[in-house]
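Number of protein chains: 2
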Amino acid sequence: MELALAQARLAAAGGEVPVGAIITDGAGQVLAAAHNSVEAMRDPTAHAEFLALAAARAARGEKYLADCTLTVTLEPCVFCAGAIAALRLRRVVFGAYDPKTGGVEHGPRVFAHATTHHKPELIGGVREGECAALLKDFFAGFRHA
Amino acid sequence: MELALAQARLAAAGGEVPVGAIITDGAGQVLAAAHNSVEAMRDPTAHAEFLALAAARAARGEKYLADCTLTVTLEPCVFCAGAIAALRLRRVVFGAYDPKTGGVEHGPRVFAHATTHHKPELIGGVREGECAALLKDFFAGFRHA
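Residue numbers (this note's numbering), protein chains in the order written: chain A, 50 to 194; chain V, 50 to 194.
Copies of one chain are not kept apart here, so a pair can be met inside one copy or by any two copies together.
Dumping the calculated BS3-like pairs for lysine-lysine here, alpha-carbon to alpha-carbon at most 27 Å:
#: 1; residue 1: LYS185; residue 2: LYS112
#: 2; residue 1: LYS168; residue 2: LYS149
#: 3; residue 1: LYS112; residue 2: LYS149
#: 4; residue 1: LYS112; residue 2: LYS168
#: 5; residue 1: LYS149; residue 2: LYS185
Think of the hints as simulated: they come from the structure by calculation, not from any bench. Keep in mind that this is a model prediction, so the values were computed, not measured.
Given these sequences and hints, build the entire structure.
Shown next, in the form of C-alpha cells:
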C-alpha cells in the first residue's frame, strides 16, 4: 500500500483525484504502478486500477493475471471491478471505502452476483485513514480555492 | 444495428465471440465501429463496446460522449456498463439479452443503483433474434468441432 499511496500523491501533485494502484505478481514483485490520470488523458476511464491492470497485462503478455494482487488506495468502481473480474485477479486490497461511487462494497457490488464468474479475495480498509485523508485534503483544497 | 451486426459477423470470421458495436453522434453520424477482439488482442477487456467507446472518444478528442448512442448486438457486461456511465452516453441500444454475463438487465444491473451517477436511455431486444442467432451459431460450431 505504501507504493499505491505514493502513486496517489503523484496524482494529487498533477491535479488529479488522488488514487494510486499497483499490481504485484504471485512472488510479490511489482508488475505495474499507476495513478488516476482522468484529467491528463481526458479519459474518464483512465482510473489508476485500470491503467495498472492494462500495464501489467501488457508487461506479462498474458491474457489473465490470475496470480496477481491489485493494491489500490480507494475501493474500485464498477468499471474497474469489471476489469478485475475479466482479468481474473487473485486478490484485491484497497484502502478507503467509497460509498459514493464504489462498486465492490457499495452500489452494484460486482462480486456479489452469480453472473460475475470470477471473484477475487477482497481485503478492504488497509491504511484506510491515510488513503481517505489524501482524498479529503485534495477536495478541501478545491473548496478553499 | 445493421452495422453492429456486420461487426459481429467480422468477429465470428476471426474466431471471436460475435459481438459488434457502433457509436453514433447526436446527428446520427457513425463515430466508431468495433467488434469483440479478446482473442486477437489477448485482452479480456477488449470488448466491442469498450473498443468502440475508446475509439469514439479519441476521434472526438473530448472527455465525454454525452450526445452519443452506443448500439451493440449483446447486452453490455458490467465493465462496459461502467465505461458507458463514465463517458455519460445518452443512449444504449442492444440486441440480445445476456442472462449469463450481462450487467445492465442482469446481475449487478449497473444503472439501477443510486451510486451510478449517469444513467443512459436503455433500449434492449432490438433485432434480438438475429443478434442471438449469431452467438448461438458460433458456439454450436465449437460444440460440433
